[in-house]
Amino acid sequence: MRRRGERGQHSAVAAMMVFALAIALPLVVLAVVTTDWYVAAERARLQTMGQLTGDHLRERLDRDLSEMSAMARTLATSPSIDAEDWARFDAQGRALVDTTEFTVSLVHVDGRQIVNTRVPVGTAMPSSPRPELAASLIATRRPVISPVIKSVVTGADIVLICAPVLRGGAPEMFVSIAVRTDHFARLIAQAEIDDPFSAVFVDGAKRIVAQTDDAPDSSGLSTKEPSSSPPRLQRLEDWEKAEASVMEFHHRSGVSDWTVVTGLDRNAFEASLYRSLAVLAFLAVTLLGSGGIVAWIYARQVARAVRNLKRAAGAVGRGDPVHLPASEIREVEQIGRALVTASHVSAEHHAAIAEVNANLEVRVAERGRELAASQAHYKLLAETMTDVVILRHADWRIAYVSPSGAALFGTEGSDFDPRTRIHPDDLAAFSAADARLAPDRPSIVSLFRMRHADGRCIWIEAVNDLLTSAAPGAPNVISTLRDVTKRQDQADELRMARDAAELAQAKAENASRAKSEFMNLMSHEIRTPLTTIKGFTDLLAHTTGLSPDQVRYLALVGAATDTLLGTVDDVLDYARAGEGNLRLDSIPIDLPALVSGTADLVRPMAEARGVAIDLAVPGDGSRHVLGDERRLRQILLNLLNDAIGTLRRGTVTLALQGPRGAESAERWRVFVTAHAGEDPEQSAARTVALDGSGLGFIIAQRLVGLMGGGRIDRSTPLGETAAYRFSLSLAPAPVLIRAAPAPSPDAPGAGRILVVEDNPINREVVQAMLKRLGYGVDMVTDGEAAILAVQASAYDLVLMDVSMPGMDGTTAIRRIRSLQHPARRVPIVAMSASMMPDRVRALTEAGANGQLGKPFDLPTLSRVVGDQISSIVLRESDADAPMPERPPIFDRSAFDALIAQMGEEAAREDVRAFVRLVDRFGPDTDGASAETLAARADRTGFRDLAKACRTFAALPAGAARDEARGRCLIARDLMNRMVHEITGPTMPEIRQTVALL
1 MRRRGERGQH SAVAAMMVFA LAIALPLVVL AVVTTDWYVA AERARLQTMG QLTGDHLRER
61 LDRDLSEMSA MARTLATSPS IDAEDWARFD AQGRALVDTT EFTVSLVHVD GRQIVNTRVP
121 VGTAMPSSPR PELAASLIAT RRPVISPVIK SVVTGADIVL ICAPVLRGGA PEMFVSIAVR
181 TDHFARLIAQ AEIDDPFSAV FVDGAKRIVA QTDDAPDSSG LSTKEPSSSP PRLQRLEDWE
241 KAEASVMEFH HRSGVSDWTV VTGLDRNAFE ASLYRSLAVL AFLAVTLLGS GGIVAWIYAR
301 QVARAVRNLK RAAGAVGRGD PVHLPASEIR EVEQIGRALV TASHVSAEHH AAIAEVNANL
361 EVRVAERGRE LAASQAHYKL LAETMTDVVI LRHADWRIAY VSPSGAALFG TEGSDFDPRT
421 RIHPDDLAAF SAADARLAPD RPSIVSLFRM RHADGRCIWI EAVNDLLTSA APGAPNVIST
481 LRDVTKRQDQ ADELRMARDA AELAQAKAEN ASRAKSEFMN LMSHEIRTPL TTIKGFTDLL
541 AHTTGLSPDQ VRYLALVGAA TDTLLGTVDD VLDYARAGEG NLRLDSIPID LPALVSGTAD
601 LVRPMAEARG VAIDLAVPGD GSRHVLGDER RLRQILLNLL NDAIGTLRRG TVTLALQGPR
661 GAESAERWRV FVTAHAGEDP EQSAARTVAL DGSGLGFIIA QRLVGLMGGG RIDRSTPLGE
721 TAAYRFSLSL APAPVLIRAA PAPSPDAPGA GRILVVEDNP INREVVQAML KRLGYGVDMV
781 TDGEAAILAV QASAYDLVLM DVSMPGMDGT TAIRRIRSLQ HPARRVPIVA MSASMMPDRV
841 RALTEAGANG QLGKPFDLPT LSRVVGDQIS SIVLRESDAD APMPERPPIF DRSAFDALIA
901 QMGEEAARED VRAFVRLVDR FGPDTDGASA ETLAARADRT GFRDLAKACR TFAALPAGAA
961 RDEARGRCLI ARDLMNRMVH EITGPTMPEI RQTVALL
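Oh and the sequence shown: position 520 is 520 in full-length UniProt numbering, straight run, nothing missing.
Wrong hints could be hidden among the right ones.
Quick list of the computed label-pair ranges, beta carbon to beta carbon [what the hints assert, rightly or not]:
(1) R552 x E666: 43 to 53 Å
(2) D867 x S586: 17 to 27 Å
(3) D110 x S66: 27 to 37 Å
(4) G903 x T480: 56 to 66 Å
(5) R43 x L166: 44 to 54 Å
(6) E666 x Q488: 58 to 68 Å
(7) Y38 x A315: 52 to 62 Å
(8) R73 x D110: 17 to 27 Å
(9) L494 x R419: 25 to 35 Å
(10) V364 x T485: 42 to 52 Å
Read the hints as simulated data drawn from the structure, not as lab findings.
C-beta atoms are modelled at their ideal positions from N, C-alpha and C, and glycine is treated no differently.
Can you make the complete structure from the sequences, with help from the hints?
Shown next, in the form of structure tokens:
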């Protein structure tokens, strides 16, 4: 019986034979399939060639017949026929065709021949009636090709190509071109048709016109060359019977009733295929036999090698030495060498394993000693460290507490629970943190308060680590406790210091804000009466009939007003420079002209003190630079005033030096010096005047520093009472843009102006000035009246005071710009006694076209008003146009009702909450949310937004709803422009805050 595992096994020889058979069988199948494909492809190829050969012969036949029909038609229309010039017709026929191959005849329909190119003209010719041919010509009146017929002249087989000669609409004669059948045989011969193909031309009567050289005749023999002997007349049926093994392809002529028949000899085709199959079968048998023999030989060699390897593997398993004979098979030889090597390595491994076991015993003993030392080391660390180490279970059953726990807890050992000392307020957080210990979060840090052994409360930072490798039932948590009381005390001190710093910063910001508000208030309170003084002074100065003393008095008042205004500007500039809010312009200016103009401004005051002004400016070179014209003039005026103030008589020199040869083209130097002559009193007073504490000098010093000029040099050489030197870097200006000249105060104005001013004296001043300029003027006293006035009448300009009781000017400007009325485009100029940067920016953002600082004179007012009216934009519609049917953006009465219901502060907070709700309006807002927004908008007074939201909620999804959504967003933006004036502080509140600070 076979042993277990041997069932279904085969010898190597059988396996190799099966393998060879498995390779050979697919090759045989592939050969059979390939042969079948080859036979089918060859048959298809020959059939295609037969079709193509027939198409080619048909094209040649059609072209040849078409050419002869064209020649017959040409001769049938010859004028010589109408002239009955038969000799001329005979000459034309001989010239048109080759008479050695073709014969041209002119024949009556009854068969009488008139002209024949093979017979001289005038010779009597036999009659050759062709009734079928004549009937066809009369019926079709077109060229006709006859079947094969006998020539009455030569007796040869011919074909006639006839064309009718029409007279009176009916054919009387016809022109015929006689062609021998040899001509068509030559057409077939020129096609070079080889075996196994053949071809014949068959006329409409199924008679053969011409055939290939090997086409059989009725006797079964091949015909001779067409040039030597014409083929005998025969029927197509006779040819098909004689060649029953021929595959035929018929092609109908396109110009006649002839047929081109091509044939393929099946016997010749199949004979070549049988020869190919026989060769293929022989090769397949030969290959299979030789392959089987070779496979059997190699299979025996492999089987012998496998038996040797089997014996060697058994020896390796037993540990015996292995000896294998050499093998001719490379793989078997390599396996044998590997088995021999494996036997030697196995013996070496046995020896090595014994040695390793001995060494392992020694190392285990060493590791035991090292572990004992490590345990002693860690125990020493635990006993000496200040942190408390606790080894415990998750349920707080303590297994070990380091000795430092005695100092912290006042007890030794592990028979206590540290949780009893945790502060009651921190116990819940500590327990929750301890409960979060898990394999996915093996470490937790917690901070809590604990009662010390001496009774005081300390801060403890505990680190709890989960021992994931602990054995079941063993302590699995290590808790390390550290006293961090000092660190927490330092953190509390730092937090208190930070809070104090933030409080100090808030106080500083409040003080700065109070200072800014104070400066605005001071500027407004001082400039407002100055507006009245300067306005009336200017009006009186332009009044005729004044005495010289009156003119002088007015000039003094004007000078005093300008001096006071300059002092106010200096104070404001000083405050702005201290806050860092002083900004410089960069515009093209003519620097020498600026210096000369400044000297001219102070010259009257200097001459009144007996001081001469000496000016030294460059007359050539670059003059135009980029800089702040107003600040440069302010620097020069302050320094000149200080220098003049040091003298009772003498000379003040103002000098300007341009860039030197090797210097940058941007460096300019300014010198202001005061010379008192030889008066000793002036020399004694010199040191008192130059202490540098004057406000004008301080402002000049700060402006020079802002312009990048450093500090002003005030060193005074001998003989001078005052000296100021500084330099500035001013970039050259590419183009100097000259301002347009201001309109003359006496130039007549054209336009209607609305003046919004709460101060009655200022109203009278502005009204008088504008009427002097020729403008029509309407006056209102507050912002609400201004909003109603611009909607009731059309104005060319609005002069809007900023600081007014009730609705201020900034709010009124914003309301006018948000009107759904053409009046929203009216130009608005804001009048304010405070032109601080924040105020100017707020006015521009509200929609003001310009600003007019108080006080102002008549030329300034004329220039500002003229600039605005000359650049006015066209209105969208006339002022008298009916108001659009659209609700106002904000209904103040609804907001007032809300204030009465909730209180002012609660109403403002409600508006702020509504604004936050509206800001979330977007693409995801649905109809229900829009209805909610509409209700809230009605409640707070935003009527336009309420209507837009209701329209959006009522529309279905689609393009109309998307358009309504855009209208809601516009209404939301208009609402946001008015929120600040509703929820922000009012002017009385600001004044109260300033007074409180």
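Evaluated hints:
1. The beta-carbon spacing between R552 and E666, approximately 45 Å, falls within the hinted interval of 43 to 53 Å.
2. Separated by about 21 Å at the C-beta atoms, D867 and S586 satisfy the suggested range of 17 to 27 Å.
3. The hinted window of 27 to 37 Å between D110 and S66 holds, with their beta carbons roughly 29 Å apart.
4. Range check, G903 to T480: about 57 Å between beta-carbon atoms, so the 56 to 66 Å window is met.
5. Distance hint check for R43 and L166: the Cβ-Cβ separation is about 53 Å, which falls inside the suggested range of 44 to 54 Å.
6. A C-beta distance of roughly 60 Å is found between E666 and Q488, which places it inside the suggested range of 58 to 68 Å.
7. Separated by about 58 Å at the C-beta atoms, Y38 and A315 satisfy the suggested range of 52 to 62 Å.
8. Checked against the given bound of 17 to 27 Å, the beta carbons of R73 and D110, roughly 22 Å apart, stay inside it.
9. Here the CB-CB span from L494 to R419 is close to 30 Å, well matched to the stated 25 to 35 Å.
10. A hinted range of 42 to 52 Å for the beta carbons of V364 and T485 is consistent with their spacing of about 48 Å.
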